[in-house]
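Engineer: Residue strings, one per chain:
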Amino acid sequence: MLLKLNEVTSYYGKTPILKDVDLDVPKGSCVCVLGRNGVGKTTLVRTIMGLVDRMTGTISLAGEDLTDRRTDERAKQGIGYIPQGRQILGKFTVRENILLGGFARKSGGGDIPERCLELFPYLRENLGRRAGLLSGGQQQQLAIARALAVEPQILLLDEPTEGIQPNIVAEIGETLRMLNKDLGITMILTEQHIKVARKLGDLFVMMDNGRVVEQGPISELTDDVVHRHMTV
Amino acid sequence: MLDITFASSINALILGLSIASIFLVAALGLTIIYGTAGVINMAHGEFIMLGAYASFTMQNYLGVPFFLCIPLSFLVVAVIGLIIERSLIQYLYNRPLDTLLATWGVSLVLMQGVRLIFGSDPKYIQMPSFMSTNIAIGDVSISLFRVFVFAVAIALIGAVWWLFYRTDFGIKVRAVTQNKEMAASFGINSSRVYTMTFALGAGLAGIAGSLFGVLNIVLPTMGMGYVVEAFLMVVTGGGSLLGTIIASGVTGEAQSIFAFIFNDTFARFLVFILIVIFLRFRPQGLISAGGVRR
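Sequence order for the protein chains is Z and D. Under our numbering, think of the first position of the first sequence as 1, with each following residue one higher. Under our numbering, think of the first position of the second sequence as 1, with each following residue one higher.
Everything labelled a hint here was simulated from the structure, so no lab data went into it. The structure presented is a predicted model; accordingly, all values stated were derived computationally and were not measured. Yeah, the Cβ is synthetic: ideal placement off N, Cα and C, and Gly gets one too. One or more of the hints may lead you astray.
Stated by the list, open to error - Listed below are several chain Z residues computed to face chain D (Cβ distance under 7 angstroms; list not exhaustive):
no., residue
1, M49
2, D72
3, A75
4, E96
5, L99
6, L100
7, F103
As the list claims (entries may be wrong) - One side only, chain D facing chain Z, incomplete, derived with CB under 7 angstroms:
no., residue
8, A175
9, S185
10, F186
Stated by the list, open to error - Some residues of chain D that are not near chain Z, with every Cβ distance over 12 angstroms (derived):
no., residue
11, I4
12, T5
13, I10
14, V79
15, G105
16, G119
17, S129
18, I135
19, G158
20, A267
21, L274
Starting from the given sequences, assemble the full structure and let the hints guide the process.
Structural biologist: Now the structure itself:
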């Protein structure tokens, strides 16, 4: 297993949001985390990244225990993060945003890996542009390029298609499929779009009220499972 | 009757630039610390004072030439700033009131510490003899040392701009300022960034002290005189580098022009009143340091 969570409970303040979560992520796989709004999908990703107030249980990446590591140290272990709402730095140029990702590399960064620009020609042509001026889809491309600059072992994607035009959703879905299937980058993807999850996922994890309630191969993500846990 | 001639007006403007450069040199370190870490450093004036004493000590006891005292004072005060940040300030981020009180306490300790070591009598930093001459710009005569201070202010702006906008360190500092959580998610240790920034700000205050020790006498209390103006520049500027530069320029010129029309005391009073009125209508200052501190 590349990533392993063992009985993880995490808190904002004194309130537990994630409860006794066990998760195994095989190398090269794409695990889709599903569930209604507010069930703990984002908290799961933030817990892996070390962005919650407190947690119990253990997290390991490639056999390395991350539990007591700070967020910046986890990033340097090869975790690329694409947060909900993208959170690109709007006052930075496109170039500076991608350079930011490089600081998590073992080499310390200072340059932009060619792969980041090969995938997104628009970014190559607009390296000097202020990132805050990009459209939602372009900002998502930038968020992916920034995470790829980490040269990650695993990518954490928190609702990457949220707030994106439908025609761009397909484009981003195709890019993610290529990163996972062709380049072999392991992914954890939280999603509301079942179509995207079925297209990209190898495994699914269904969450409810902070707990993992069902998991298995994506082929077992039947309409019945979806209706049971995702319809309001 | 006020006699306004072209030469006297130019004289006032040039003197204004000189005042502005002093304001700017005093405020630069404070701007960096406040703009990046949000720390209101009440000990900034004492960092300036330490820079002056560092230069005095190196010049008088070690025979170090004045021009070398300036960068060395930067290093000495930067190291002191680094030690203070690591031993105290790092535990107080996101607690502005505690930081305010703690840095005020530090200022008292530094002031009394220097008084114990050097006594309360004034000290003097000697500038190189050629700097004591005046130069004429048209009908205006100005001391060469004030021109030097102006040149140092310009050089410091250039150096800080280069550091913040042309280096990896600058990207890290600006990333932490804009979004600390995202910066950490991409491998940036914000604690280390704050430490380095605090040391940099303290070091810049050290340079200011080295220069101000020549302009005025060196006393344990000398920092108090500069810190008020430094804070005014930072608050009026909004905590950003550009804001502080503009605030220093406008305030320096305004003070010089008012002093020319009225007198020096009334000019200061008028400038303070105008700043208070300005902040009443624009409390965020000229150009906000911005960023979302998380």
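Engineer: Each hint should be assessed against the structure and marked as holding or not.
Structural biologist: Evaluated hints:
Using the Cβ-Cβ criterion of 7 angstroms, the hint placing Z:M49 at the interface with chain D is satisfied: the shortest such distance is roughly 6 angstroms. Interface hint status for Z:D72: upheld, as the beta-carbon distance to the closest one in chain D is roughly 5 angstroms, under 7 angstroms. Interface hint status for Z:A75: upheld, as the beta-carbon distance to the closest one in chain D is roughly 4 angstroms, under 7 angstroms. Among the interface hints, the one on Z:E96 holds; its C-beta lies about 6 angstroms from the nearest C-beta in chain D, closer than the 7 angstroms criterion.
Interface restraint check for Z:L99: the shortest CB-CB distance to chain D comes to about 6 angstroms, inside 7 angstroms, so the restraint holds. About 5 angstroms separates the beta-carbon of Z:L100 from the nearest beta-carbon of chain D, less than 7 angstroms, and the hint is met. Satisfaction of the interface hint for Z:F103 is found here, the shortest Cβ-Cβ separation to chain D being roughly 4 angstroms, below the 7 angstroms cut-off. Using the Cβ-Cβ criterion of 7 angstroms, the hint placing D:A175 at the interface with chain Z is satisfied: the shortest such distance is roughly 6 angstroms.
For D:S185, the interface hint holds, the least distance from its beta-carbon to any beta-carbon of chain Z being 5 angstroms, beneath 7 angstroms. Hint on D:F186 holds. Least Cβ distance to chain Z is approximately 5 angstroms, under the 7 angstroms limit. Taking the minimum C-beta to C-beta distance to chain Z, about 44 angstroms, the non-interface status of D:I4 holds against the 12 angstroms cut. Annotated as non-interface, D:T5 keeps its C-beta farther than 12 angstroms from every C-beta of chain Z; the closest such distance is 46 angstroms.
D:I10, annotated as away from the interface, keeps every beta carbon of chain Z farther than 12 angstroms; the closest lies near 39 angstroms. Against the 12 angstroms criterion, D:V79 stays outside the reach of chain Z, whose nearest CB is about 24 angstroms from its own CB. Residue-level check passed: D:G105 sits 29 angstroms from the nearest beta carbon of chain Z, beyond 12 angstroms. Its beta-carbon lying about 46 angstroms from the closest one in chain Z, D:G119 satisfies the requirement of being farther than 12 angstroms from that chain.
The non-interface label for D:S129 is consistent with chain Z: the shortest C-beta to C-beta separation is roughly 46 angstroms, beyond 12 angstroms. Every CB of chain Z lies more than 12 angstroms from the CB of D:I135, the least distance being 41 angstroms, so the non-interface label holds. Taking the minimum C-beta to C-beta distance to chain Z, about 20 angstroms, the non-interface status of D:G158 holds against the 12 angstroms cut. The non-interface label for D:A267 is consistent with chain Z: the shortest C-beta to C-beta separation is roughly 37 angstroms, beyond 12 angstroms.
Remark: the non-interface label on D:L274 is consistent with the geometry, its nearest Cβ contact in chain Z lying 30 angstroms away (cut-off 12 angstroms).
Checked against the numbered hints above, the structure violates none of them.
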